[in-house]
Amino acid sequence: MAMLELSGVSKNFGGIHALINVSLSLDPGEVVGLMGDNGAGKSTLVKIVAGNYPPTGGSISLFGSKVSFHKPTDAREKGIEIVYQDLALCDNLTAAENVFLGRELTLGFGPFRVLSYRAMFQRAGLLFAELKSETRPRDLVRRMSGGQRQAVAIARTRLSEPKIVLMDEPTASISVRQVPEVLNLIRRLRERDIAVVLISHRMPDVFAVSDRIVVLRRGEKVADKAISASSPEEVTGLITGAIESA
Amino acid sequence: MAAILEETTGKQERASLLSWLVTRQTFWVSVAAVLAFVILSFASSVFATQQNLFNVTRNFAFVAIIASGMTAVIVSGGIDLSVGAVLVLSGMVVGMSMNVGMSFWAAVPLALGVSLLVGGFNGVMIAYVGMPPFVVTLGMLSIARSIAMVLSNNRMVYEFGPDQAKLLALGGGFVSLRLPFLTSIRVPNPVLFLIATALITGAAFRWTRWGRYLFAIGGNERAATLTGVPVRRVKVSVYMFCSLCAGIAGILEVGWLGTITTSLGQGMELSVIAASVIGGANLMGGSGTALGGVVGAALIEVIRNSLILLGISTFWQGFFVGGFIIVAVLFDRLRSRGGGE
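These protein sequence lines map, in sequence, to chains A and B. Residue numbers for the first sequence follow this note's numbering, beginning at 1 and rising by one. Residue numbers for the second sequence follow this note's numbering, beginning at 1 and rising by one.
One thing to keep in mind: the hints can contain errors.
Short, incomplete list of chain A residues facing chain B, as computed with Cβ under 8 Å [said to hold, decoys possible]:
#, residue
1, T73
2, D91
3, E97
4, L101
The hints are simulated quantities; they were obtained by calculation from the structure and are not laboratory data. Since we're looking at a predicted model, the values are computed, not measured. Where is the CB? At the ideal position from N, CA and C, for every residue including glycine.
Okay, chain B solo, but in the shape it has when bound (with noise of 0.2 Å):
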């Protein structure tokens, strides 16, 4: 009886991959991406062209390996407003430490376990003090971009030390990708760090326990506390997870910049909640794919590079940008409408 029972819903679930996939905002954010992909290729020449290509995957990537971090804390019903301040404080943690010529091995992990730090604090104010989310970020917006002043003086730092010369890599290098029949591709670090953070952040959504239970609390949080599901420790984990994320594109913006000052990722945190938004993450936690966030990201950075190429006024990108989120989020609303919801 259950075998059949399986068979069957096993069956539908085929039979409806489909109808399912166009359900998906995500879907529908990748066809406008590859859209605006095809349509510019065709109206400007130079789009298309390795070097923008680079240029534009390079831009993006640091928003998006965010995006991931972000769209977990999303999922749980959170928000982080601190992503763009940790991500200047672990640059600074790492360009101020080799400045004062620590190897980049031990620099590398101070930043990242600075990040850690801010986003267990952050995570410890919600989870355990009970503050709300926007709150705790945004005081951690304000201390930890102060805290990279302090370090710093507010100085600009471009000299790193010993191992200036990994960290330039690292940050700035590419991977030179053979194919077959065509040219090689490069592909900038930054980009393979977001494609190893976004499918680690994928499978962990789908596969773990942990990422279960972060869909759990964003769909019913008392639901996940009374099924014994441990939300406090998630929470704070989800927290950290995202402060890391933006701890690690720190440091690799440093690396690309060859440079650090105290104005690196002011306003970032906007950008990145835009890409998981657009990706389909509900603010009001719940939902939301690793994949929505990275094409999100790049979806803004292909409108921002596109507008450049096709000579507007780069006055109107916040315009498209924003118009884009709220059209991604009423084309939402519209379809669940519809849905029967």
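Here chain A stands alone, though its shape is the one from the complex (with noise of 0.2 Å):
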């Protein structure tokens, strides 16, 4: 049984159709990059899969039975965890109070409760060390690398043991260089049965951690295939229409 199942979804934007009887499915532990043009509908998916917003029609289900989300934190309680093009970081707090920003670990009881950094430093070293990340939980993050930013963005996903971690963009705005430490991440996660759905408009990327690629054009699924059996040529065919579908 798939972990996430989208059958027939459909998102309308007024007169605008932006997704169009969209069906995916997802298995633990498998990477699917998505890939599109800009405007095909590639937010749009993931905003509907992160809660968002609800589909204007077809359904979603987790683990086989149906599930309707009204706001983010709907599908982060059920495992649905996103890591933000921009990372949502804030610079001027450690690596640590990042990953734990909004899920504090305390101490005390009733409303007399402190900050218990030591847990958190260490539970955050914990998460480095398992992504295999040099990131160290007391740095700021605004001294931090493209690379390490990312590290702290995936460790906060993790906190929660999540099911499908959803990724927009990831080696967008990092330098070259340290593309592959984004990537070894990334196998970290399947590593661990976390689903990926790998959002992205370098080609190299994608074929390079992906088990299966779905390609949209104008708001409708034109490749789902595995990557084996794909090819960057025919992935740029279909991105752009000159090849229909695959």
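Build the complex from these two chains, which are given one at a time in their own frames, with help from the hints.
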């Protein structure tokens, strides 16, 4: 049984059909590259899964049971985490503080609670070690490289033992040298049986790390196949419309 | 693996404590304040006397109490221009209600309640309606002072009813601190409140979720929202906290002066903001310390006091205080550029 199952999902914004009858399934530990030109519906699809807005038609089910998300925290409670393109980090806080932002560990009882930095530093250290990242919990995010920042954002999703992580252009805003570091982070997630949806414009990155590729064009799914059965040339053709579907 | 990592990072932190300290604006402002203190003790025979220090500490206490609240607001990326007006409103509420015979124990909570209400209004307009803090609190600056004028009919109030002695003792009194081998030190009550406010604020900044949320909101509000921080509620609470500080200072100041006029606290918001900024609060949000605001306020008062003692015209006060604001921020800017940021 698939972990996440979208069947016939559509989304209209007024007269604009952002998504038309898209079906998609995700298995545990699977990395799916989601590709498409600007305006193809990638962000809309991700936002529907992340609970930012409900679909106009179709249904979403998690482990076989239907779900409907009204806000992002609904999706998060069900184990769907999202890594935003800008990572949503606070530069003025440490790595550990960012990881635990909104979910701080505290000591005490009732309303008398103090932050437990010790526990947060320790747990964050473990998460970074698990991701094999050299990020240090006490460092300020402001002083970090793009790859380390990405590790902080991913470590944040790991806090809640997620089932699915949606990543929006994780390699778009970092230097080329750090791309392998980020791709390794994605592989770490896969090792933990977490399904990853990777939205990216960068063909080499998608081919380096994905198991399967899904291409959207003008709101419709035009391809959904194993990465080994496809090629960058074919995908480029699918994105632009030179190849109708595959 | 993680334990080793933790150990090494921990060690690094200790080793670099000194280098961390010298990057803090609060540290340098403290050094400047101590330096000014030492120089003045030599330059003026009056400065280091008990009576003068008693006056200096009491004078800056009012600004410093509010500076704790202002620093919290600035850390969250906002600004509160209404503190001077809240101070006079709170003072006027306590003064007028005691004037008509209300007990001290009812009048003080009433004044604090009014202050919280004003802060709550500011916060709701900013957080829920989405208006810029500058505009909302600028409006409130005018509104709160106007209400104070209406309440008192713009009279000077100096009759505080049956509980007058309590009010005067609260603001004008002091606690004698007995020290071994030294003569006892008189600590003015406002200074005790200042210490309490600063300690509470400092602890809240460091050890509570609320404190972390202020820094997170000031650093990246969108990120804070996305990660589930209750941004709006925190914003309302921080304006309420700032107003409460101003309300407390207002009550104390009325008690100290023994009288209240509607001109009390006029232009005070600028001194308070200056104190916070000199103490290292960044007006862009995301950084600042509770201690910084206090030290900043102390430095301003030391400058003012020293000019008087050294016989320099009081017209120069603004020049020196303003100069210090610019130098403090300039210094901060140069330092962070040197740090390769």
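Right, here's what the structure says about each hint:
With a least beta-carbon distance of about 6 Å to chain B, the hint placing T73/A at the interface is held under the 8 Å criterion. Checking D91/A against chain B by beta carbon gives a least distance of about 6 Å; that is within 8 Å, so the hint holds. With a cut of 8 Å, the hint placing E97/A at the interface with chain B holds, because the nearest CB-to-CB distance is about 6 Å. Because the closest C-beta pair between L101/A and chain B is about 4 Å apart, less than 8 Å, the hint holds.
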